[in-house]
Amino acid sequence: MGLAVTSDRKSARLARLYGATALACVLTCVLPALPASAQELPDIGADVPEGSQMLLEADTLVYDNDANTVTAVGGVQIDYGGNRLVAQRVTYDRKTSRLIASGNVEIVDSSGTRIFSDEIDITDDFADGFVNALRVETVDKTYFAAESAERKGGRLTTFNNGVYTACEPCEEKPDQAPIWRIKARKIIWDGKAKTVRFENSRFEFFGFPLAFLPSFEIADPTVKRKSGFLFPGIKYKSELGVGVSIPYYLALSPTYDLTLTGTGYTKQGFLGEAEWRQRFNNGEYSLKIAGIHQNDPDAFIDETGPNVDSGRPGDPNKFRGMFGTQGRFDINPRWVFGWDVLVQTDKNFSRTYEIEGYNDYVHRSEIYLTGLHDRNFFDLRGMYFQLQEDAFDSNSGSAAEKQPWVLPSFDYSYTPDAPVAGGELNIDINSRSVLRSKLDQVFPPSGTPDPKSTIVRGIEGDSARLTAEAEWKRSYITDGGLVVTPLLAFQADTTYVSQSDRSIKAINDMARDPDIGVAADIRSAYYRAMATAGLELRWPVLFSTTSATHVLEPMAQVFARPDARYEETLGIPNEDAQSFVFDASTLFERDKFSGYDRIEGGSRANLGLRYSGSFGNGWATNALFGQSYQLAGDNPFAAPDLVNAGAYSGLDTETSDYVGLAGFTAPNGLSASVSARFDEQTFEIRRAETKIGYFSAPLSLTAQYAFVQAQPLYGFSEDRREVTLAASSRVHENWRAFGSGTYDLEAGVLVRNSVGFAYDDECFSYTMTWSTKRDNDQVVSNREDDEHSIGFNISFRTLGDFGSTTSEIIEQ
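Numbered per mature numbering (1 follows the signal peptide of the UniProt record, and there is no 0), the sequence shown spans residues -38 to -1, 1 to 774.
Hints were generated in silico from the structure; no laboratory data involved. Just so we're clear, the structure is a prediction, and the values are computed from it rather than from any experiment.
Here are the simulated DSBU-like cross-link-like pairs (lysine-lysine), alpha carbons at most 35 Å apart as the crow flies:
(1) K103 with K148
(2) K103 with K186
(3) K186 with K148
(4) K197 with K280
(5) K114 with K154
(6) K154 with K186
(7) K735 with K229
(8) K156 with K57
With these hints in hand, go ahead and build the complete structure from the sequences.
Now the structure itself:
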């Protein structure tokens, strides 16, 4: 008969050779055809470590010398280099060089991918073969199945009646259709062209066919990037009409690519976009251009309200476009160089046509160099703020032309590692050079000049300032636990100013206001210096019980310093110290101004009491309350500047307003905080903010209340009060509902609100939102508008995203 069943050494060596060949054949047959792998799948030989041993287990090993076959029967398992083959029967025909594995065939490769089949028939040169009832589960949870697979010529692998999905099978109902899948009569993998083609395919959603595609092609799993069409997009705006975007991706090299996008709008015509991206070992950059020859530029014109500055009615210049570039490079682990630059035909093109990466309302074009090491910091940058507003430059509310060029801005901070005189020394250098082509003067809401509420936020012309500051402090702890920290600081700066006649007139007009009470001091250069000696005392006292720990900490600061120069005159521009807010978080700052253009002078004391508590049940609390006092010299916060930064701040009197904050967190997800400023005489609330949050599955809630008392000298003639509520609830394992709203209590208007729902699971997500925004800014517009928008986004894992946003302004 020529049959032999043996287990001697020669047979074992033959079995090892046979097993390795079998496993290599099978893996090479099925692995290249996986359509969902995100990583390259090399040949089996490359996966197997050098010197790996092959282990073969089977109930019976049969040699048929007449038929020249070797067969392993019963519980066959072959392990080789981290790869495993399991089958009921494996036969290798040495005469025809074919290998057949049958009976619940399962293969697990070294990456974790699992392959299941009833039968695999393949030649040992991997050129031709057949796989029956193939099923694949990749390590990233993507799934592929086919009734059969056939390989010919060592290049083409054809899967018959194939199915692909990234959705896990339902454990309770494994035969139930997944959320989505792609079915195809034939799936052809071309090993040379590195493509997978689907023929006679359809896309099914919950088992129902949604789209039929006669033929489409994607890159095979060994290719990370391949040229081809990307998912289309849908857009809508009332001025543009419906737009359909079709992007085409060109993978020109492993390090650079090009994406071309064409968008057709029903009202404005064809918009073309091109984006070039290139990556290097230490960074990357991108270039983007876009342009359109508009069919109807007059669709944007609205002389009575918001409008896009795309030309006056009948303007023959219908072309609008942009050029943008962004980049970032790591020079070394400490230094970074980068840029973000936008150039466009008009100030609002990129926002109007939603050019990705350049469509923010405020775009900051800049070039920068940054260094960071330990506690030392270096930052040098040039900037220009571009407001993409819907207003003509001639509109009184337009602010785009008033934005400055900052050429440059420089920050440097140095802290030596070694102590200096037993304490810590910190050196800061800051400079800025600002160029503005149009005076930024803010009038009252009526638009008529009124010195009592007119401020000069920026001069027409240029100004530059250089500041150097050094601070030394050292802490001592007494036997009684008192923390004593002496402090010495010195700051000097010089400011250069070259301003237009319009700016000089605006400053003089402001100085003539009797409520301002100072004279104008117009000069080309200003020099200031400030020396400070300070002392801080803190006495933290610990109280402990069996279930809680409390720390009560009285705090006191005293700073002695002379008056700052030029505080009794108007003239020095204030560019970086406009956003000044006095609250509990700034109570113990040595200089409470938010920037270097203003200097705090005069002697001052800060007193406060801090509390923190921690409880055994998981609750925690904190609080701070205090007040500041002007001890001697002129109060810098009562001295006006061009933006009235100190007006109504709560520090503009010798005894400041009271400031405080308090909050708690609970183990159940509940938290709350309140921050407020109170009048020093009547204890009337001047400013307050309250936040309450609850975050615990399946519900999250947030509520916020904000109040700011009127500040006429700062440009706000009325109180401001707002309430914002937001909620999100997971109503089901995969379903969420959410909503938010902001209500202006003073105007009695729901400023903005939105509601939506979302579905998400392991392979599919969908979000739908509806929102409304109401504009009551009478400076820019003489009417009230509601802007409604509907947005949705659909995401199929491994396939891509598809979404749109529709919006339209509806006149009431």
